[in-house]
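Visitor: Chain by chain, the residues run as shown.
2 protein chains.
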Amino acid sequence: MNDRKQILVDMDGVLADVYKQFQLFEKQETGKERKPEEVTGLPEYEAFPNSYKYVNIKGFFRNAPVIEGSIEGLNYLNNKYNVLVVSSATEFPNSLKEKLEWLNEHYPFITWKQLILCGTKDSIKGDIMIDDHLKNLDCFEGEKMLFTQPHNMLINSPLYKRIYNWNEIIEKL
Amino acid sequence: MNDRKQILVDMDGVLADVYKQFQLFEKQETGKERKPEEVTGLPEYEAFPNSYKYVNIKGFFRNAPVIEGSIEGLNYLNNKYNVLVVSSATEFPNSLKEKLEWLNEHYPFITWKQLILCGTKDSIKGDIMIDDHLKNLDCFEGEKMLFTQPHNMLINSPLYKRIYNWNEIIEKL
Chain W
1 MNDRKQILVD
11 MDGVLADVYK
21 QFQLFEKQET
31 GKERKPEEVT
41 GLPEYEAFPN
51 SYKYVNIKGF
61 FRNAPVIEGS
71 IEGLNYLNNK
81 YNVLVVSSAT
91 EFPNSLKEKL
101 EWLNEHYPFI
111 TWKQLILCGT
121 KDSIKGDIMI
131 DDHLKNLDCF
141 EGEKMLFTQP
151 HNMLINSPLY
161 KRIYNWNEII
171 EKL
Chain P
1 MNDRKQILVD
11 MDGVLADVYK
21 QFQLFEKQET
31 GKERKPEEVT
41 GLPEYEAFPN
51 SYKYVNIKGF
61 FRNAPVIEGS
71 IEGLNYLNNK
81 YNVLVVSSAT
91 EFPNSLKEKL
101 EWLNEHYPFI
111 TWKQLILCGT
121 KDSIKGDIMI
131 DDHLKNLDCF
141 EGEKMLFTQP
151 HNMLINSPLY
161 KRIYNWNEII
171 EKL
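Line by line, the protein sequences are chains W and P.
Just so we're aligned: the first sequence equals residues 1 to 173 in the working numbering.
Just so we're aligned: the second sequence equals residues 1 to 173 in the working numbering.
It cannot be assumed that every hint is accurate.
Said to hold, decoys possible - With a straight-line cut-off of 20 Å between C-alpha atoms, the simulated PhoX-like cross-links for lysine-lysine are:
id, chain 1, residue 1, chain 2, residue 2
1, W, Lys5, W, Lys144
2, P, Lys97, W, Lys97
3, P, Lys113, W, Lys97
4, W, Lys97, P, Lys53
5, P, Lys135, W, Lys125
Claimed, not checked - Taking beta-carbon pairs under 10 Å as the criterion, some of the chain P residues facing chain W (in silico):
id, residue
6, Ala89
7, Glu91
8, Glu101
9, Asp122
10, Ser123
Claimed, not checked - To list a few chain W residues with every Cβ distance to chain P over 12 Å, as calculated:
id, residue
11, Tyr54
12, Glu143
13, Asn165
Derived from the structure by calculation, the hints contain no laboratory data.
Keep in mind that this is a model prediction, so the values were computed, not measured.
All residues carry an ideal CB built from backbone N, CA and C; glycine is no exception.
Next comes chain W alone, as it looks inside the complex (with noise of 0.2 Å):
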């Protein structure tokens, strides 16, 4: 170990733009594209109803857009502090090694020694952790960086300090 803080950067919402492969799915399905601020607030399963469909499809991570400023963003994280990317994945079998796969391609710097693929995250040490997911948060003891998604759009609390995007969190960090 080293004296560089310990960051915990989420994957899906921080990393994987999840929300445009649930609208690119549903739009496949149904014909439908539901635009950004329809969901905000809406949880993902009532935003998209047929989420938990969608990410138990072959391909549905593997094949996720990257967050605009990520790649970049996460290097310099990696150049700086301790990183682990840290994803919520066992309850879906076949994300396991999309997830990894998907990883390799788009943040090659980032190595099999920085994944930890889990239930909950209650369990993980760190320092900061940056993620879009309320209860991730709220069990973590460190500083608490909420990325925003649609989601999430509608939580003020002091808890949490909102990061808007990649570009922010270079400048913060």
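We have chain W; now place chain P onto it with these hints.
Guide: The following block gives chain P in isolation, referenced to the frame of chain W:
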């Protein structure tokens, strides 16, 4: 969270009998069967020079035999402690789903919320760790229980509480 102590239980060498798999795969490849006493004290990659190849073969983890007494033993622990099954797995992309399915088949009382697939175990919180590898126990701050496997049989150190089998785990915990 509750007041229960948290136990981190290793998969390979504590739940899954990877030595028997190494023996089997080597016998299939070379026709020779190595006895446990021939590999006592040798690291796995010396005991089974092709081990790295074997663990990447489809089915290696999915078809591993369970270690004797581990089903009753893990069930016992699960009723008394917060159990997390923690497995070094992200080095081997094909192992991820196999390990999850294997765990579901043999230990159905362990849920997906209790599984962590990682690269290294030094960032997982717990009070007790049961593992057969010193590299994992040495990074752990809680109580270190060394589960006997041929590769660690010659280790004799007060840093670790040696455990010979699952009956002993039930007696001591």
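Visitor: Look at each hint and say if it fits the structure.
Guide: Evaluation of the provided hints:
1. W:Lys5 / W:Lys144: 14 Å, holds
2. P:Lys97 / W:Lys97: Holds, at about 7 Å.
3. P:Lys113 / W:Lys97: 18 Å, holds
4. W:Lys97 / P:Lys53: Given pair W:Lys97, P:Lys53 holds - Cα atoms ~18 Å apart, limit 20 Å.
5. P:Lys135 / W:Lys125: Given that 20 Å is the threshold and the Cα spacing comes to 18 Å, the pair holds.
6. Ala89: Holds - the Cβ of P:Ala89 comes within 10 Å of chain W, reaching about 8 Å at its closest.
7. Glu91: 5 Å, holds
8. Glu101: 7 Å, holds
9. Asp122: 7 Å, holds
10. Ser123: Check passed: Cβ of P:Ser123 comes within 5 Å of chain W, closer than 10 Å.
11. Tyr54: Non-interface label stands for W:Tyr54: nearest chain P Cβ at 18 Å, farther than 12 Å.
12. Glu143: 16 Å, holds
13. Asn165: It holds; W:Asn165 is separated from chain P by about 26 Å at its closest Cβ, greater than 12 Å.
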